[in-house]
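Residue numbers (this note's numbering), protein chains in the order written: chain H, 1 to 328; chain L, 1 to 328; chain P, 1 to 324; chain E, 1 to 324.
One or more hints might be untrue.
These stretches of chain L come out as covered by chain P in the derived footprint (C-beta under 8 Å, 3 or more residues) [said to hold, decoys possible]: (1) 26-37; (2) 109-122; (3) 277-288.
Cβ-to-Cβ under 7 Å is the rule here; a few derived chain P residues that face chain L [said to hold, decoys possible]: (4) L33; (5) P158; (6) T159; (7) I228; (8) P302; (9) L309; (10) G311.
The following residues of chain H were derived to be distant from chain L, with all beta-carbon distances above 10 Å [stated by the list, open to error]: (11) R32; (12) S39; (13) S40; (14) V113; (15) G159; (16) E163; (17) A192; (18) R195; (19) E197; (20) P205; (21) G285; (22) E290; (23) E304.
Note that these hints are calculated values from the structure, not bench results. All C-beta atoms, glycine included, are put in the ideal place defined by N, C-alpha and C.
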Amino acid sequence: MGTDADGAGALDASIARRLLVTMWRIRAFEERLEPLKRSSMVHGLTHLSIGQEGVAAGVCTQLADDETVYSNHRADGHALAKGVDMGRLLAELMGRSGGCCRGLGGSMHVVDVSHGFLGATGVVGGNLPFAVGSAFAGRLLGRGGVVVVFFGDGAAQAGIFAETLNLASLWEVPVVFVCENNGFAEFTPRSAHTRVERVSDLAAPFHVAAATLDGNDVAEVYRVFQGVLGEARAGRGPFLLECLTERLSGHYVGDPGGYRAALEDEAWRARDPIQRLVRQAAARGWFDEEASHAAEAAAREEVEAAVAFASASPFPDPALPAELTYAG
Amino acid sequence: MGTDADGAGALDASIARRLLVTMWRIRAFEERLEPLKRSSMVHGLTHLSIGQEGVAAGVCTQLADDETVYSNHRADGHALAKGVDMGRLLAELMGRSGGCCRGLGGSMHVVDVSHGFLGATGVVGGNLPFAVGSAFAGRLLGRGGVVVVFFGDGAAQAGIFAETLNLASLWEVPVVFVCENNGFAEFTPRSAHTRVERVSDLAAPFHVAAATLDGNDVAEVYRVFQGVLGEARAGRGPFLLECLTERLSGHYVGDPGGYRAALEDEAWRARDPIQRLVRQAAARGWFDEEASHAAEAAAREEVEAAVAFASASPFPDPALPAELTYAG
Amino acid sequence: MTETTYSATIAATLAEAMRADGRVVVFGEDVALGGPYLTTKGLAEEFGTERVVNTPISEAAICGVAIGAAQSGLRPVVEIMFIDFIDLAMDQLVNGAAKAHFMSGGQLAVPMVLRTQGGAGQRAAAQHSQSLESWLTHVPGLKVVMPSSAREVAALLPTALADPNPVVVVESKTLYFRRETLPDGGVVPEPLGRARVLRQGGDVTIVATSRMVHEALEAAAELEGAGIQAEVIDPRTLVPLDLPTIAASVARTGRLVVAHEAVRQGGFGAEIVAQVQEACFWDLDAPIARVGAPFTPVPLSPVLEDAYLPGAAEILDGVRSVLR
Amino acid sequence: MTETTYSATIAATLAEAMRADGRVVVFGEDVALGGPYLTTKGLAEEFGTERVVNTPISEAAICGVAIGAAQSGLRPVVEIMFIDFIDLAMDQLVNGAAKAHFMSGGQLAVPMVLRTQGGAGQRAAAQHSQSLESWLTHVPGLKVVMPSSAREVAALLPTALADPNPVVVVESKTLYFRRETLPDGGVVPEPLGRARVLRQGGDVTIVATSRMVHEALEAAAELEGAGIQAEVIDPRTLVPLDLPTIAASVARTGRLVVAHEAVRQGGFGAEIVAQVQEACFWDLDAPIARVGAPFTPVPLSPVLEDAYLPGAAEILDGVRSVLR
Ligand SMILES: Cc1ncc(C[n+]2csc(CCOP(=O)(O)OP(=O)(O)O)c2C)c(N)n1
Ligand SMILES: Cc1ncc(C[n+]2csc(CCOP(=O)(O)OP(=O)(O)O)c2C)c(N)n1
Ligand SMILES: [Mg+2]
Ligand SMILES: [Mg+2]
């Protein structure tokens, strides 16, 4: 466990490979999602996380199946990194009965209980308090268990965030709040939303420990989250981890998107979390660019298999909604 | 304008007398309210601010009629200090047609537009954003104007507070958020609500200037608010002023109130804002205890006149609710 | 027979559930202190503040915490002190609790009870006196229970607590301290979705909820004096609604008055009217009358509030209109 | 004749109001950028970001800011991007905006317009597809407008903007980009509370709102082929509701179908049924039929959403049931 500024010191070759594979799986999946959405194979508001894969990978690959993740509207990456099957995820986005939510939920409502992925939400900030409740339950039931909840910088201005942070602090639950600060909420830059510099600045009054890091450096995310996770597993918490990152696509597939003109894609691409990891790996001799190409190719193959699986899955039975409105 | 630690340096004899009179008017009014409520002359949930008069007096006596005040559920003191007629206020609490809201609103909904008292609310934190909107309007209409909003320490945990503080900061409106931190929300102490030490600690991340002071020292409240008001009148703001204070009665008249047993009334009474001002005034030669007795007597007389006025006022016409559900 | 109150029965039922099931926890403002209506009195003493949790004034997050806790194995009871403030938790309840089972394709369950209370009559004015239950009946995934007495609390609250879905229990602030005797052996829990016929009669059916049940019984007693036999039905749960019991009665009486305290317009009475006129069109001998509050906020002034509040007199007017 | 869309008419109407009255300001998420449906397109360019204000994701506070601004002399227009999120602002709207005039004994006014949009049909799933307007109709102090076309936007939005009360305008996401031609001289603003008879007929009355108006017209055209003349009425405003126009029609046809996209249970259709059965009891030849969505959340899957969505086919079923 080194203390390298770039965070790679926390990694070894096998971890680095796992992160690489995870990021490529997300990237390949979402790149395929865009045309699928445009050709109306995938349905609903589809929010891509291309460019942000480092956060999902650095965090979720360290969690066990029985450790809980809540996510937001930009959820595919978190779900894949947490172990949700790609075919079932895609089937869900395509509204098929083989989807992890049997086609009822869709992109903003992905849930896979068997992998501890308790779910995305379409309401910005809406499931932040669920994380506190889930951790509270784990403690009371003597089961323990860490809960991670992802949210965007836009959610930090929703009142529910302050309420939740206060409760997490008051009840000292092992919840890790992972903010993906991509500087935008929909088409509006953060500067039009708040004068708070860092989302992590909001933690101090609550005596919640916090850190801000470069979310495009997956190794750094991994290293810092590893420490945070250790604390949380020991029952300590909460923690607010702010990952500065960028999304390379629009807010959702097909959005008006005029705001993008202001951004220079070239500079962005230089900070691509995948390419950074490849450079770090090369410097440390973990793997070379070839290995990255291979991981990419494998990911694209897995995506095609997922497309085949999902496309073959039938649409759900029309009686399903009425059956599943109430439990029991 | 001195800089005395006790704040009295900002005062002169005439200001001190005005504060004294204001505090006695509130005290005498509310002491009378309690039996009126118990004998069902006054209606609704009645929240007394006995012990907190220093805040209302120190703040509201400095405001002009066209400067706006929003208040919370514990509103009588703010209203009286802002100039609302005592008779019309009492008539409102008694549900009479001579009430400032014609008997429709009651204690938690007192409004008197002619005195810039835009109103109490029964929803904890509910009108915090109104203050920002009102200040926004004043600026856009070129009319300027400061807005003060009172809230309790319990309201600081409501999400609307964080949302509002963020907007006030973002739009730089001249709103003064005056927190009366009495350490309780209903029967529950602040320690069960939050680990945030001071409500004013919440201001820093938003770059909102803030101060915490002894709200039982009316001179100190006056002095600090004077400075804040000057800034706000110059269009600068927002500001969060936290006044540490204590309420000497229960949460509302007739509440279960078992929680009060823990508190020692003797120690409290020593910090009574009225008696402290009397001591300060004596030391500075502004007025003596006799003057305080006279102010008290005058206040009690005014209260009896208000009781007479309100009792003589008829109940409203049954057609009124339907008439006033919609404007225009 | 045991003498008790609605409020004490709530506290007793919660205590029993907590004794029987360690997963039941209570969240809410001042709940560890019993709350202003003493509905959680004694719970913190018996079960500790780990399970009877005082919360800050954060209605939305508290509801969300309960949802998350329910999704992870607890059976939370969350109290919103006044239904007037349920609108602060509405997003959590509607977009969170109500849809989780559905959106997850059946993977998640949210076995929680949200307790709150509504109603006017205590001079609490416009923001502490509303009756907003009809909002909740429009939300697929929620169940809605309105106990009209301590007996109904005893019969239905245990069922609500055992339900795998989010159930909103809307209590009545005016009923909390009403004295009532319950059978010594206790009341057997009953399923949700069954109306209770409180009084039989062949001339007119009165369907009333919560406090209005007592007003309906009072009206029925007065009608009896005039030789009119009214059947009084308490649906007890709005979702699910026991239409068959109501329709069977209307089929016999041919006349229906629906009474609730909520504002008439958009109230749940409209839904009952719509369902009954469809089920019983050919049986009806008169238009269905709706009794409810007028379309204004609740005024503070006692004379105005008394005029505002629907009661036995308005039910009698309704009955007269359908018998005309 | 000018070719336009519903969305463009909203933007144009807002621009006109802002030109005429400096007190009109717009608040909302992304409004300065036109918003995802382009309903505020061009406003920031013309009026600046002091009057067309992008807001953070703080629905409650934004609604509250609008209330405060309205109480202090502005005429704010606040946009809630999806009606699904109006529940976050519900407390502000219901306890704040709706009651301020009343509780202040008439001193305060809250002349604001809250624009939002509802409806399914775009695979937006359970949290972005709801139709929740009936909640609002249960709140004294609010007015509720549902324009079914660009023409109705042009007729009613200016009136809403001039109203001294809080008015909620519920738009339809599926109508935004529907092409429509409007008269060259523009559309004259019309008062709230007047229904519009879009098609006359003596056999059956169909009352439909928002998108369902077009479905009703389609159904009516099909019925005409079968020799059945349907009268189609768009109430346009739910509060105030133009009952006389609806009742006059039912008095002639004796048969009524009410159609909205919202979930049937607890929907505004129930209120229309309740009012009409009272006003027209002796005129009705059949039970009133309600067309609306089933009591489930909105599913994502396209086949399920298509099955879920009520449309012309369901209206035809309704008509058949009342003609039976
Ligand atoms: C409560 C609520 N308000 C508005 C929206 C519309 N909306 C969807 S995503 C989004 C922006 C979210 O920004 P952020 O939290 O930073 O996440 P990002 O999209 O940048 O990943 C908005 C406003 C919503 N879904 N929920
Ligand atoms: C939104 C909301 N939740 C709960 C209540 C019930 N309630 C009334 S006053 C109060 C405590 C308020 O505490 P604080 O803000 O500190 O003001 P204080 O009473 O101490 O002056 C509560 C919980 C309410 N009125 N509004
Ligand atoms: Mg963002
Ligand atoms: Mg307090």
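Evaluated hints:
no.	hint	verdict
1	26-37	violated (count 0)
2	109-122	holds (count 3)
3	277-288	violated (count 0)
4	L33	holds, 5 Å
5	P158	violated, 26 Å
6	T159	violated, 29 Å
7	I228	violated, 29 Å
8	P302	holds, 5 Å
9	L309	violated, 12 Å
10	G311	violated, 15 Å
11	R32	holds, 38 Å
12	S39	holds, 40 Å
13	S40	holds, 37 Å
14	V113	holds, 28 Å
15	G159	violated, 2 Å
16	E163	violated, 5 Å
17	A192	violated, 8 Å
18	R195	violated, 5 Å
19	E197	violated, 8 Å
20	P205	violated, 4 Å
21	G285	holds, 43 Å
22	E290	holds, 47 Å
23	E304	holds, 45 Å
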